[in-house]
Amino acid sequence: MVGAGVVGCAIARRFALEGARVAILEKSSDILEGASKGNSAILHTGFDAPEDSLELRCIREGYQEYLKIRGDLGLPLEETGGLIVAWNEEEEKRLGDLLRRAHANGIAQARIVDGAELRKRESNLSARARAGIEIPGENVIDPWSAPLAYLSQALANGARLYLNTEVTGGRYDGSQWALSTNHAEIACRQVINCAGLYGDLLDRAVLGETSFEIKPRKGQFLVFDKAARTLISSIILPVPTQRTKGILICPTIFGNLLVGPTAEDQESRGDASVTREVLQQLLKFAKCKLPALADIPVTATYAGIRPASEIKDYRIQARLDQGWITVGGIRSTGLTAALGIAKHVYWLYSQAGHRHQPLASPILPRIPVLAEGDARDWRRQGHGDIVCHCELVTEREVRDALKGPLAAQNLGGLKRRTRVTMGRCQGFYCLARLAEMTEGKFAQPLAVGAAHD
Amino acid sequence: MIDQAAIRLERCDVTVVGAGPAGLAAATALRQRGIDKVVVIERDTAAGGIPRHCGHPPFGMREFHRILTGPSYARRLVATAREAGVELRTGTSVASISQGGKLLLTDGEGIGQITAKRVIIATGVREASCAARLVSGGRLLGIYTTGALQAMVYLKGLKPFQRPVIVGSELVSFSAILTCRKAGIRPVVMIEENDRVTARWPCQWLPRIRGIPLNQNTRLVRIEGEGRVSQVIVADRHGGERAIDCDGVLFTGGFTPEASLARCGHLQVDAGTGGPVVDQFGRCSDPTYFAAGNLLRPVETAGWSWREGQQVGGWVADDLSGKLSDTGEERRITPVCPLIKLAVPHTIKMQHGGEGMTHVQLRFTRPARGKLVARNGSGIVWRRHLRALPERRVLIPLAALAKGSDGGLMKLDFEESS
Numbered sequence: 001m002v003g004a005g006v007v008g009c010a011i012a013r014r015f016a017l018e019g020a021r022v023a024i025l026e027k028s029s030d031i032l033e034g035a036s037k038g039n040s041a042i043l044h045t046g047f048d049a050p051e052d053s054l055e056l057r058c059i060r061e062g063y064q065e066y067l068k069i070r071g072d073l074g075l076p077l078e079e080t081g082g083l084i085v086a087w088n089e090e091e092e093k094r095l096g097d098l099l100r101r102a103h104a105n106g107i108a109q110a111r112i113v114d115g116a117e118l119r120k121r122e123s124n125l126s127a128r129a130r131a132g133i134e135i136p137g138e139n140v141i142d143p144w145s146a147p148l149a150y151l152s153q154a155l156a157n158g159a160r161l162y163l164n165t166e167v168t169g170g171r172y173d174g175s176q177w178a179l180s181t182n183h184a185e186i187a188c189r190q191v192i193n194c195a196g197l198y199g200d201l202l203d204r205a206v207l208g209e210t211s212f213e214i215k216p217r218k219g220q221f222l223v224f225d226k227a228a229r230t231l232i233s234s235i236i237l238p239v240p241t242q243r244t245k246g247i248l249i250c251p252t253i254f255g256n257l258l259v260g261p262t263a264e265d266q267e268s269r270g271d272a273s274v275t276r277e278v279l280q281q282l283l284k285f286a287k288c289k290l291p292a293l294a295d296i297p298v299t300a301t302y303a304g305i306r307p308a309s310e311i312k313d314y315r316i317q318a319r320l321d322q323g324w325i326t327v328g329g330i331r332s333t334g335l336t337a338a339l340g341i342a343k344h345v346y347w348l349y350s351q352a353g354h355r356h357q358p359l360a361s362p363i364l365p366r367i368p369v370l371a372e373g374d375a376r377d378w379r380r381q382g383h384g385d386i387v388c389h390c391e392l393v394t395e396r397e398v399r400d401a402l403k404g405p406l407a408a409q410n411l412g413g414l415k416r417r418t419r420v421t422m423g424r425c426q427g428f429y430c431l432a433r434l435a436e437m438t439e440g441k442f443a444q445p446l447a448v449g450a451a452h453d
Numbered sequence: 454m455i456d457q458a459a460i461r462l463e464r465c466d467v468t469v470v471g472a473g474p475a476g477l478a479a480a481t482a483l484r485q486r487g488i489d490k491v492v493v494i495e496r497d498t499a500a501g502g503i504p505r506h507c508g509h510p511p512f513g514m515r516e517f518h519r520i521l522t523g524p525s526y527a528r529r530l531v532a533t534a535r536e537a538g539v540e541l542r543t544g545t546s547v548a549s550i551s552q553g554g555k556l557l558l559t560d561g562e563g564i565g566q567i568t569a570k571r572v573i574i575a576t577g578v579r580e581a582s583c584a585a586r587l588v589s590g591g592r593l594l595g596i597y598t599t600g601a602l603q604a605m606v607y608l609k610g611l612k613p614f615q616r617p618v619i620v621g622s623e624l625v626s627f628s629a630i631l632t633c634r635k636a637g638i639r640p641v642v643m644i645e646e647n648d649r650v651t652a653r654w655p656c657q658w659l660p661r662i663r664g665i666p667l668n669q670n671t672r673l674v675r676i677e678g679e680g681r682v683s684q685v686i687v688a689d690r691h692g693g694e695r696a697i698d699c700d701g702v703l704f705t706g707g708f709t710p711e712a713s714l715a716r717c718g719h720l721q722v723d724a725g726t727g728g729p730v731v732d733q734f735g736r737c738s739d740p741t742y743f744a745a746g747n748l749l750r751p752v753e754t755a756g757w758s759w760r761e762g763q764q765v766g767g768w769v770a771d772d773l774s775g776k777l778s779d780t781g782e783e784r785r786i787t788p789v790c791p792l793i794k795l796a797v798p799h800t801i802k803m804q805h806g807g808e809g810m811t812h813v814q815l816r817f818t819r820p821a822r823g824k825l826v827a828r829n830g831s832g833i834v835w836r837r838h839l840r841a842l843p844e845r846r847v848l849i850p851l852a853a854l855a856k857g858s859d860g861g862l863m864k865l866d867f868e869e870s871s
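Which chain is which? The protein sequence lines are A and B, in order. All residue numbers for the first sequence refer to the working numbering, where the first residue is 1 and numbers rise by one. All residue numbers for the second sequence refer to the working numbering, where the first residue is 454 and numbers rise by one.
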C-alpha cells in the first residue's frame, strides 16, 4: 500500500487479515497527514450518493463493517442521526427527490419532517428552517482513532509501516514490482495506490499514465466550544447540490460542534491553510442557522483537502496484468467507505488469482478511548495527572501515544492520538509541558533550544 | 461506565477552584473569618497561578508592600494561605460542576467528588488563541500565546522560537518582551492594529529600549511557513501588505475568562464579560456558587484580583452566616451601547443596596470621548463625561446605581461627543 490515510490503513488491515504480507509506505513522518487529517467525522449512510455507484456500495459495506468491528477495537459511535433542513422554498421543493433517492439508497426509515416537528426536535434552529428529512443512521465517529485502529490491527498481525518513505518510480517484471523510494528499493507482487491527494501523480510517476486527475478541494471548518454541543441533537445537513454536500452543523464525538466544510477548488494538494474571510463567512452562516452560537466562542479552525476527481464517483481501477490497483478520487465519504473499499480492493486482487490463508484468530489491539462521555482515561486510576486541561488528556495517555509501533511522530499526530491542545485554549496551558514531554521524539521539535539569559 | 462505588466522596465548607491570586486570597479570607474546612483545587502541579511564570517585577505592592517578581509573589501567596490553614490540593482538575455545590474531580487516583456549602470559582483568564482570532494561515509550529511562552521559558527552560513577531500591545505584551529577553529570544517587531499602544505609559518605551521596532496601525494578515512559521504578512492602515521574516508568532492579550466550568455547567454566562453572571457579591445564578478575580472580567492585575478574592471570600463568610439573602428585588445592569464591551456586576440585590462591590466596572471596545449615562425607569440616575480607552477600567460608584429599592433595568449608555 502506498499511502497511510484512512483508505490505506483500512486496506492494510483487510490484506493483513486475509493473510497477505503487507507493507505500507508513507511519504510523511506520520500517518493521516493528507486528506484524512481533516474531515467532518461522519459515518455516512450514503443517502445522497449516486444510485448503483461503487461509492454507494463501499459506503454501505464500510458502514456495516464499522458497526461489526467497533466493539472489538473500542471504536466510538454517537447515534445522532441526521436532519436535512430546507431553508427556502426552492430547497423545500427538492426534498421529495432527495427522499426518493434516500429510499432508493436503502435508507427505508428516511422521512419528511414538517416545520412544526423540526422546531420541536431542534428548538435552537433559526425559525427560518422550513422543513426537512430525517436520516436515521447518519452518525458521528472519531475520524482519527478509526484509521489508527485499522492500521494498529494490520501491524499487530504482521504488516510493516515505513514512514518518511516516498515512492519515486518502479519496474514491473511480469510478476514482481521493484519500487524505488527515497530509501531502499521495495520488492512486492502487488502495489495498491492509496496515495489520496497524490494518487494521480503516483500513477504517472510509476506507470507513466493515469486515468484520472485529482482536483483538490479545500474545506474549512469552525469548531465551537463544548458549551455549544447541547444546542442541537442531530447532524444538521443542508440540501445538497450537484457539486457538494454543503455546510453542515455537526456534533463531534469529542463533544464540540463543528460548522463546515466549504468547497474551494484549488491547485495545491498540500495547502490546508484557513482564511479569515471564509472563517468569518462560516461564522455568519453558523449564527444565522443557530442563533445561540453568537454567544459561544470558537475553539478551533481547520481545513481539510478532499481528493475529488473530475467526476463524482470513486476511481478504483485494477491493472491486474500489472499487479497494480489504483484507489483514487475517494472524496468526502472515504472515512465511512474505507472498510468497504478495502473489501472491494481485496476482491479485485483475488480476481488476479492471488490466494492467502486468512488469519484464524487475528490479534485485536484496543485503541485509547477519546470520545466525550466514554470511559476516558481521566476517569481511571493511575493516570498521572492532567496534561491538557481543556480536553482532560492525561499524562499516561500522552506517554502511551509517544511509544509503540505507531508512536506519534509530530505534534499533529500527537493531537490526533490524544486530543492535546485541541481544546478551547489551544495550548495556552499545556504546550510547555508537551515541549518537555516530547523532547527528542519529533523530527520537528516544539522547542528550538534552551532558554538562557 | 463509572463504578459509582469507586468514586471518593468528601465534604467541606467552601471549595475554591483555582489557586491564583484571587482564589488564594478568597480561601485565606475565609479561614481568617473562622470558616473551618476550606479546600483549594488547583489543576496545575503547583499553586500560585499565572504569576508563577511571570519571572519579573512588579508584583506584591498591594498585598505585601514591596516589589516582588511573579514567582516569589506566588510563593508568598501560597505560604500565607497555608499559614491560614487553607487545604491546597494541586494536580487536581475539576471536570464538571453541578447543583448543590458538587464538583467532579480527577487526579492521579482517578475521579472523586467534593461537595461544599459554597463554591468560589476563580479560574482566571486565558489569552485568545490564534484560532479564536480567526487568523489566516496553516497549522504551524511556533505560534504561541504569552502564557504558553512564559510557562515554557520559566517552568521548563525551553524556548519555542528565536525571532518571533509579537502581536498586540497590552500590558502582557510588554511582559512578553521581558520574558523574551530573559530567554535570549529576539523579537523582530511588535505590531498593534490600533493607532496607539493599548497598555499605559510608560510601557510604549520598553520595546524601543530593547531595540524592538513597534509598528502601530499594522494588522496581521496571514501566517506562512512549511511545518514551522517562516514569515507573516502584515498590512498597514491603507491595506498595503508586506512580508516579515520570522520563526514564530506570539499572540499577546485578547484575554477571555476561563469560564468553561460555568459555561458547560449550569451557571448563566454573560456574553459581554465572557464570565458568569454575578451580583454585587460575586454570587452566580446558582447562589451556592461565587466567582472572583479575572474570571469576572478580562483583565485586571494580580493585585486587583487578589483584593477581589479577599472581598468575595469575606462575602461568602457573610453568606454562610446567613447575612446575605439572595431573595428580593434585583436590579439588572445592562449596557445598551455597543461601545460598552462589558459591565460587572450584572445585578444588584436591592435588599443589600449599599453592600458588596463598591463599583460597577466597565470596559470599552475602542477609544471614545463622551458622556456615560445610567438610566432606569425613572430617568437619569448618574452621568459623567469621560475619555475611555480599550482595556482600561471605567468605574461607576455602585451606590449611585443602587439608590431606591425597586428592581428592573439599569441601562448604561454612552453618548459619544462629535
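Just to be clear, a hint being listed does not mean it is correct.
[Unchecked claim] Under 7 Å between C-beta atoms, here's a sample of chain A residues computed to sit facing chain B:
| id | residue |
| --- | --- |
| 1 | E436 |
| 2 | T438 |
| 3 | A451 |
[What the hints assert, rightly or not] Covered by chain A, per the in silico footprint, the following chain B stretches (three or more residues, Cβ under 8 Å):
| id | stretch |
| --- | --- |
| 4 | 465-476 |
| 5 | 586-593 |
| 6 | 602-612 |
| 7 | 626-637 |
| 8 | 763-770 |
| 9 | 807-816 |
| 10 | 846-858 |
These are calculated hints, taken from the structure and not from any lab test. Since the structure is predicted, the reported quantities are computational estimates derived from the model, not experimental observations. Glycine included, each C-beta is placed from N, C-alpha and C at the ideal position.
Problem - Hints that the structure is at odds with (numbers, increasing) - result: Hints 2, 4, 8, 9, 10 not satisfied by this model.
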